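Q: Here's the letter readout for the chains.
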Amino acid sequence: GENVEQHPSTLSVQEGDSAVIKCTYSDSASNYFPWYKQELGKRPQLIIDIRSNVGEKKDQRIAVTLNKTAKHFSLHITETQPEDSAVYFCAASSDTGRRALTFGSGTRLQVQP
Amino acid sequence: EPEVTQTPSHQVTQMGQEVILRCVPISNHLYFYWYRQILGQKVEFLVSFYNNEISEKSEIFDDQFSVERPDGSNFTLKIRSTKLEDSAMYFCASSAWENTEAFFGQGTRLTVV
Numbered sequence: 001g002e003n004v005e006q007h008p009s010t011l012s013v014q015e016g017d018s019a020v021i022k023c024t025y026s027d028s029a030s031n032y033f034p035w036y037k038q039e040l041g042k043r044p045q046l047i048i049d050i051r052s053n054v055g056e057k058k059d060q061r062i063a064v065t066l067n068k069t070a071k072h073f074s075l076h077i078t079e080t081q082p083e084d085s086a087v088y089f090c091a092a093s094s095d096t097g098r099r100a101l102t103f104g105s106g107t108r109l110q111v112q113p
Numbered sequence: 001e002p003e004v005t006q007t008p009s010h011q012v013t014q015m016g017q018e019v020i021l022r023c024v025p026i027s028n029h030l031y032f033y034w035y036r037q038i039l040g041q042k043v044e045f046l047v048s049f050y051n052n053e054i055s056e057k058s059e060i061f062d063d064q065f066s067v068e069r070p071d072g073s074n075f076t077l078k079i080r081s082t083k084l085e086d087s088a089m090y091f092c093a094s095s096a097w098e099n100t101e102a103f104f105g106q107g108t109r110l111t112v113v
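Quick mapping for you: the protein sequence lines, in order, are chains A and B.
By the numbering used here, the letter at position 51 of the first sequence is numbered 51, and the numbering carries on one by one without gaps.
By the numbering used here, the letter at position 100 of the second sequence is numbered 100, and the numbering carries on one by one without gaps.
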């Protein structure tokens with residue numbers, strides 16, 4: 001089945017700096033890669049997603065890049081703000097393999113004011 | 001904005017007791033999921049449900065677990081005989097189609113004592 005590895009487990013940045021979180025996946029059939037943000041005690045919420053037919057997607061300060069050959073994808077947050085502090089999870093799913101989401105282990109991002 | 005709702009928000013139960021966790025998915029969604037998150041760990045897939053039957057399940061979803069859609073709106077997860085290690089946050093999610101954005105409920109924290 002699918003296995004998603006996520007790094008780093010914790011990340012501390014200064015307000016205004018950029019943050020990058022990386023994930024690798026094992027199943028070459030995976031073709032949908034969402035990123036979820038989870039604030040303490042809250043539900044995971046989708047912040048951006050990408051499908052395997054594109055290499056990059058951007059939404060304001062957030063971008064995701066995908067390298068299908070290397071089977072890795074990354075989340076980039078620019079101009080970080082204290083309200084970006086949360087746990088971020090990457091996930092992967094497939095039309096043909098595991099169709100439900102397989103999550104990475106999460107990255108706790110702390111943005112220092 | 002439509003959202004997935006779960007009840008109760010917190011359930012405490014004695015080991016060996018049965019529990020039923022309830023969810024109301026987003027009304028026009030066709031796929032329903034249960035995930036769990038042990039404190040401080042990643043979100044793990046349990047089961048997906050489509051067209052009144054299980055679509056996929058993980059190795060966690062053993063004979064102690066069952067799901068049901070008893071009417072047109074509710075989606076339930078039953079744990080027959082709870083164990084201490086079942087203590088976790090259980091998230092229900094729904095999506096319009098498989099391998100698309102999943103919307104999560106706010107979770108039910110299950111504590112087995």
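Don't read these hints as lab results, they were simulated from the structure.
The structure presented is a predicted model; accordingly, all values stated were derived computationally and were not measured.
Glycine residues also receive a C-beta, built at the ideal position from the N, C-alpha and C atoms.
Be aware that one or more of the hints could be misleading.
To be verified - Label-pair distances were calculated between CB atoms; the ranges are:
1) A:P113 with B:V24: 34 to 42 Å
2) A:N67 with B:R80: 37 to 45 Å
3) A:P82 with B:R109: 35 to 43 Å
4) B:T7 with A:H72: 17 to 25 Å
5) A:E15 with B:L39: 22 to 30 Å
6) A:E39 with B:V24: 19 to 27 Å
7) B:R22 with A:V20: 19 to 27 Å
8) A:S12 with B:R69: 38 to 46 Å
9) A:S28 with B:I20: 22 to 30 Å
10) B:E1 with A:G41: 19 to 27 Å
11) A:S18 with B:Q11: 24 to 32 Å
Claimed, not checked - From the structure, some residues in chain B lie toward chain A, with a derived Cβ separation under 10 Å:
12) S27
13) H29
14) Y31
15) Y33
16) Q41
17) V47
18) K57
19) F65
20) E101
21) A102
Said to hold, decoys possible - Derived coverage of chain A by chain B (criterion: at least 3 residues anywhere in the stretch with Cβ under 8 Å from a Cβ of chain B; other residues may be distant):
22) 39-51
23) 56-65
24) 95-104
Q: Please go over all the hints and tell whether each is borne out by the structure.
A: Do the hints match the structure? See the list:
no., hint, result
1, A:P113 with B:V24: 34 to 42 Å, "holds, 39 Å"
2, A:N67 with B:R80: 37 to 45 Å, "holds, 44 Å"
3, A:P82 with B:R109: 35 to 43 Å, "violated, 26 Å"
4, B:T7 with A:H72: 17 to 25 Å, "violated, 39 Å"
5, A:E15 with B:L39: 22 to 30 Å, "holds, 29 Å"
6, A:E39 with B:V24: 19 to 27 Å, "holds, 22 Å"
7, B:R22 with A:V20: 19 to 27 Å, "violated, 39 Å"
8, A:S12 with B:R69: 38 to 46 Å, "holds, 44 Å"
9, A:S28 with B:I20: 22 to 30 Å, "violated, 39 Å"
10, B:E1 with A:G41: 19 to 27 Å, "holds, 20 Å"
11, A:S18 with B:Q11: 24 to 32 Å, "violated, 41 Å"
12, S27, "violated, 18 Å"
13, H29, "violated, 14 Å"
14, Y31, "holds, 9 Å"
15, Y33, "holds, 6 Å"
16, Q41, "holds, 7 Å"
17, V47, "holds, 8 Å"
18, K57, "holds, 9 Å"
19, F65, "violated, 15 Å"
20, E101, "holds, 6 Å"
21, A102, "holds, 6 Å"
22, 39-51, "holds (count 6)"
23, 56-65, "violated (count 0)"
24, 95-104, "holds (count 8)"
In this structure, the hints that do not hold are numbers 3, 4, 7, 9, 11, 12, 13, 19, 23, in rising order.
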